[in-house]
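**Student:** Same order as they appear, the protein sequences are chains Z and B. With numbering that gives the first Met the number 0 as the guide, the letters of the first sequence map in order to residues 0 to 593. With numbering that gives the first Met the number 0 as the guide, the letters of the second sequence map in order to residues 0 to 106.
Hints in this document: simulated from the structure, not taken from any laboratory. Values in this document were obtained by computation on a predicted structure and should not be read as measured data. Ideal Cβ positions, reconstructed from N, Cα and C, are used throughout, including at glycine. Hints may be right or wrong, so weigh each one.
[What the hints assert, rightly or not] If you want the ones that stay clear, here's a sample from chain Z, every Cβ over 12 Å from chain B, calculated:
(1) F14
(2) S35
(3) G43
(4) A98
(5) V157
(6) V210
(7) F220
(8) Y323
(9) K332
(10) P374
(11) N379
(12) T380
(13) L388
(14) L445
(15) R587
[As the list claims (entries may be wrong)] According to the in silico footprint, chain Z covers these stretches of chain B (three or more CB under 8 Å from chain Z):
(16) 22-29
(17) 34-42
(18) 54-67
(19) 71-81
(20) 92-100
Each chain, written out:
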Amino acid sequence: MDWILAISGVKLWTFIIVGLSFSLYIGIAVWSRTSSRSEFYVAGNHVHSVANGMATAADWMSAASFISMAGLISVLGRDGSYYLMGWTGGFVLLALLLAPYLRKFGKFTVPDFVGARYYSNSARVVAVLCAVFVSFTYVAGQMRGVGLVFSRFLEIDVNWGVAVGMVIVFFYAVLGGMKGITYTQVAQYCVLIFAYMAPAIFISIMLTGNVLPQFGLGGAFTPEGGSVTLLDKLDGLNTELGFAPYTSRVKGVADVFCITLALMAGTAGLPHVIIRFYTVRRVRDARASAFWALLFIAILYTTAPAVAAFARTNLLTTVQGKAYSEIPNWFLKWEQSGLVAWMDKNGDGRVDYHPGEPFLDKPAFDPTPPIPGQPRVLLNTPTASPNELYVDPDIMVLANPEIARLPNWVIGLVAAGGLAAALSTAAGLLLVISTSIAHDLLKQTLMPRMTEKGELTAARLAASVAVVIAGVLGIYPPGWVAQVVAFAFGLAASSFFPAILLGIFYRRMNREGAISGMITGITFTAAYICYFKFINPAANTAEHWLFGISPEGIGSVGMALNFVVAFVVSRFTAPPPPHIQQLVEHIRVPRETG
Amino acid sequence: MPGSDPPPPHDPGLPAGPSSNAERHRLYWRQNLRLVAVLLTIWFGVSYGCGILWVDWLDQFRIPGTGFKLGFWFAQQGSLYTFVLLIGVYVVLMNRLDRRYGVEEEG
């Protein structure tokens, strides 16, 4: 019964570490509770650029970056680079094209900028709707992520996990506003980066002898003497089993190009990332923040492809072709939670891993307890594919500490890291929702005579309601949430990014152009996604796509349409009034002289 | 800044006689655009170029002493390092440009 003791040891450590990290967040929330509107919205513009960089990094890296991305890359191979380049390259756009100017503009929110620059409350309301829609789809995924981490590591019911997450976020987002969120995000970044790096470094040493995973990825595969490099080994293993070589392309060039572009422009247009640049004092701090943010993000993002390659090598060398009795312990543990499953279709007693789904749907296990030493019995209908192994991509990160045979407290740390990633992103998004409603919709549009105190109360109320809605969406995820989260980027790319960019760099851009561009972009993108995902999912294959571009990448086309429509419409309508043209001059220069 | 005298251009090498503030701001903006254009060209080259369009051609080369094919390295590592560097260069050069045109913020 040693294994029961071992598992309860893991659970104990997980409770302790997650508990400690949560007390830290609550402590910070109490310490940084806010009293003024400016503190609630933008942390009073007092945040140091390094702290803001860390907070931005935590804000930006979601449960998906922390838990799922490496696993997705390990399945996609080289094509997975669109996540890596797409989610980091957007910061270059943000730093060079948006952040400094939005900081100079000041104010509180993205709709604030759109409303003022396009001298129109309709533009402001369109921006509010886009911001709230994008943020809600995204936040529901984060709350679900919180619930999943709880259920996987602590075997607590997913719904209770979501409820605990709601209480924590409620505490520091509603009490502390942007100030509370900023400093908890700094703490959350530290937790998540340590939790990600520690197992990655140990596995890199195990497989390649390199301390840095970034070098390990290009290193020699040492368990077999080191005469062959890890990537060549992996290419060989993949080919042997019928997969495409790990370092080769599978998807079309146009599609990879467009997905990368949509992710980049979407990153630059996501309101919860943009508002972080309002929290620093000067334009030059906004520029520096973007540098720190990307540096902190790049630490995780350059490690992720290494984790992906290590995990796949591990899977193909220690699980594939083995009998159940030879399979490593981590496999047996995660089989319990259904993240891996094996159906011995050809009855040879060995795991055969090949391309294709092993069976229909997610694993459904026979409820009767399995015979010790035997795999769990599956009730799914097998497919015709020779593949027998079901692998949830999330396993690549979640099982890392066990693969590296690290002590139990590291496993607890990975749980705390996943929670930190999910909670920090959720809080940032909830703040966007609450400020969009309290500031842009109520104060600026519907109830202009509201006092600052009233507005702050409205913001706290809106945040509370948003927490509850996000939690409910996390507990009862409607089918569309999971589907749409991945598309939030395309929607942001096709709506906000062109409107903000043109607002800064094209003085002649007017209200009519911006509004028609935003509406065209987001409608086209949403319609294309809906068609292939919901109306006619059977047609969702490369030959039916427009120019071979998948729904994931269509935001790039939506963005191009937005630019073209905005430009053409603006040429045929009146130029913006002189005071708006002066506003554009004003935001272009950090400090006017004279 | 209302009430403060327009400070003289700090740099003697500034284009002759940026007479008015508006003119100085215009020149500043043009320099800014030029810098951004250069940096974004590199940004495009390393990601969309080396990481996507020319990746297969680059894969025939290897980084000496490692297992990285060059195209693969750009797609999964090199472009990310370059992005960080690009923003770093932008921060340094823009702060210098601010000072040169006397538009830097106080404090």
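**Student:** Give a verdict on every hint.
**Tutor:** Results for each hint:
no.: 1; hint: F14; verdict: 36 Å, holds
no.: 2; hint: S35; verdict: 21 Å, holds
no.: 3; hint: G43; verdict: 15 Å, holds
no.: 4; hint: A98; verdict: 10 Å, violated
no.: 5; hint: V157; verdict: 33 Å, holds
no.: 6; hint: V210; verdict: 15 Å, holds
no.: 7; hint: F220; verdict: 8 Å, violated
no.: 8; hint: Y323; verdict: 32 Å, holds
no.: 9; hint: K332; verdict: 29 Å, holds
no.: 10; hint: P374; verdict: 34 Å, holds
no.: 11; hint: N379; verdict: 34 Å, holds
no.: 12; hint: T380; verdict: 37 Å, holds
no.: 13; hint: L388; verdict: 25 Å, holds
no.: 14; hint: L445; verdict: 33 Å, holds
no.: 15; hint: R587; verdict: 5 Å, violated
no.: 16; hint: 22-29; verdict: holds (count 4)
no.: 17; hint: 34-42; verdict: holds (count 4)
no.: 18; hint: 54-67; verdict: holds (count 7)
no.: 19; hint: 71-81; verdict: holds (count 8)
no.: 20; hint: 92-100; verdict: holds (count 3)
The structure shown violates the earlier hints numbered 4, 7 and 15.
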